[in-house]
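**Student:** Read off the chains here:
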Amino acid sequence: MLNLNSPEFASSEITPKEKFLNRRNLIFGGLAAAGLASEVRKRLPPIGMPTVAFAASKLPTQPGSFSLSGEIVTPKQKATTYNNFYEFGTDKRDPSENAHTMHTRPWTVALEGLCANPKTVDLDTLMRYRPLEDRTYRFRCVEAWSMIVPWVGYPLAELIKFANPLPTAKFVEFISFFNPGQMPEAPSSLGFPYREGLRMDEAMNPLTLLTFGSYGETLENQQGAPVRVIVPWKYGFKSAKSIVKIRFVAKQPETTWNDLGPGEYGFYSNVNPTHDHPRWSQAHERRIDTATFPHTVPTLPFNGYGNQVASLYAGMDLNKFY
Amino acid sequence: MSTRAVRIVKVFVFLFCLAPALLMLQQFRTGNLGTDPVASLTHYTGNWAVWMLLTGLAITPLRRLTPKLGWLVRLRRMIGLFAFFYATLHLLTYVFLFSGFDLPGAIDSVRLGHWAEVRQKWLDVWPTLVDDVQKRRFIQVGLLAWTILFALAVTSSQWIMRKMGGRPWQTLHLLVYGAAALAIVHYWWLVKKGNLEPLRDTVILIVLLLARPAWKLVQQWRGRSGSPRRVGSPAL
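If you're matching them up, the sequences are chains U and W in order.
If you're matching positions, the first sequence starts at 1 in this note's numbering and goes up one per residue.
If you're matching positions, the second sequence starts at 1001 in this note's numbering and goes up one per residue.
Treat each hint with caution, since some may be false.
[Claimed, not checked] Distance condition first, Cα-Cα at most 30 Å in a straight line; then the derived DSSO-like pairs of lysine-lysine: (1) W:Lys1192 with U:Lys76; (2) W:Lys1068 with W:Lys1216; (3) U:Lys78 with W:Lys1193; (4) U:Lys251 with U:Lys119; (5) U:Lys245 with U:Lys170; (6) U:Lys320 with W:Lys1192; (7) W:Lys1135 with U:Lys320; (8) U:Lys161 with U:Lys119; (9) U:Lys58 with U:Lys245; (10) U:Lys78 with U:Lys58; (11) U:Lys58 with U:Lys76; (12) U:Lys161 with U:Lys78; (13) U:Lys76 with U:Lys245; (14) W:Lys1193 with U:Lys245; (15) W:Lys1193 with U:Lys170; (16) U:Lys119 with U:Lys245; (17) W:Lys1010 with W:Lys1068; (18) U:Lys119 with U:Lys170; (19) U:Lys161 with U:Lys251; (20) W:Lys1135 with W:Lys1216; (21) W:Lys1192 with U:Lys78; (22) W:Lys1193 with U:Lys251; (23) W:Lys1192 with W:Lys1135; (24) U:Lys245 with U:Lys161; (25) U:Lys78 with W:Lys1121; (26) U:Lys58 with U:Lys170; (27) U:Lys245 with U:Lys78; (28) U:Lys170 with U:Lys320; (29) W:Lys1121 with W:Lys1135; (30) U:Lys251 with W:Lys1192; (31) W:Lys1163 with W:Lys1010; (32) W:Lys1192 with U:Lys245; (33) U:Lys76 with W:Lys1010; (34) U:Lys119 with U:Lys58; (35) U:Lys76 with U:Lys119; (36) U:Lys320 with W:Lys1193.
[What the hints assert, rightly or not] To spell it out: a stretch of chain W is covered by chain U in this simulated footprint if at least three of its residues, at any positions, have a beta carbon under 8 Å from a beta carbon of chain U; those stretches are: (37) 1096-1109; (38) 1119-1133; (39) 1184-1193.
Read the hints as simulated data drawn from the structure, not as lab findings.
Here a beta-carbon is modelled for each residue, glycine too, at the ideal position from N, C-alpha and C.
So here's chain U without its partners, still in its complex pose (with noise of 0.2 Å):
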């Protein structure tokens, strides 16, 4: 059961980014005003950029269940360098840059909504509740490319199980931490707080990881520290990042990505290489892994997870409900 008054982590230590002048700089900086350099600098790929360190701690863990073969790891400095966060900007290089601003601890994740034992729990209470597992995932990008990833988490049903959730709330909705003052980045054209959504039995799914670490360690806040959820048979953005609230709901809630664009971003998002977005194919991916130039390979239905998850959607037209 859980323990509310287990000790806290001390605070995440964050070693701030050097910022020094690199040849490129000194080359625009002689030829252009500064302003016009760094802007120009923000659009180079990135060349030596230094990368940020954060202290991130080794997990307790044990071999977990779902394991991919003959696919290869994707580089941490990759999979945490290459972000989609847009609390803290809009390219993918922004969260690795801007999100130690962040405040990871004091965390707690609130339990609410139509539940029979609503609560709102410590984050190191929640990360010792099960064991921790390592599963090595598939992550497929929206934007059509993936990573091969190994969190660390346990699954979510067992926290749901917790909760105990009411026979009528059929949906769990997960709301993200904001906090314009860390997130001085955000646009605004996004409603922030952001949030998302999976169906129960989704949610119930034994795929769905609470997610607190990644390669091992705890998640770099970039990741969506400390706590998040990873659904692998959909779309990125399906998993919530930096998750202070899962609320237990009747009807379907309504998610940031699908209430900006109903045609691109559908609540279901399942990989499907035969369902298109508006504006690019789904039928191929690049494979970030530690080849320079990343391979081209085809999508799998589900993202692979087909076996697990096919069934969540017997008898749905796939390209209705996309």
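Given chain U, put chain W in place with the hints provided.
**Tutor:** Okay, now just chain W, sitting in the frame of chain U:
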């Protein structure tokens, strides 16, 4: 500025415009194109094409500020051709990388002389390209913008200008405004909703476009107030 000085400036501007491409090549060779090199190359070449277009469009308003800047117009063709150069690199990146074409594999096949494999790789990706052009409006406007730049680039020489005659040539080259506008529309349509990245380039383009009627108004107002100022060339 003397012709000699303009020539020297031209060399520097040429090198400056070429530098992004050389830098990109260097990053490619050293494997420093970031986590998703295909996306990096696509965005990088697209950005520079837009920036070259905007730089070219900035020349007329700038030189109208003062007669001393009149020589800037002599850089315009080169900058325009660089816009076409980066737009072409952008298009090639899309066709041979972004589309899912297995370029590293194809290069290996070419080395080994396995032409059937190259052909097969091309046939694999062809339906994606056709689909994109038929269905996706951001691809359509991008392709149209490139086509305009292509038409302007092939008619850019002095010789063709003389052949065509000044007026028709000038009318044709007014299409550069269309290319710039299409490029910006292409940018807005390709980013995700809520992403305001194209905003800065859009504002710059609007300012550059408004500078033209604004200048005309100023001229009219000056004409009415009776100052005997000679109106400059009616060109762009």
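**Student:** Which earlier hints can't be squared with this structure?
**Tutor:** 12, 20, 26, 33 and 35
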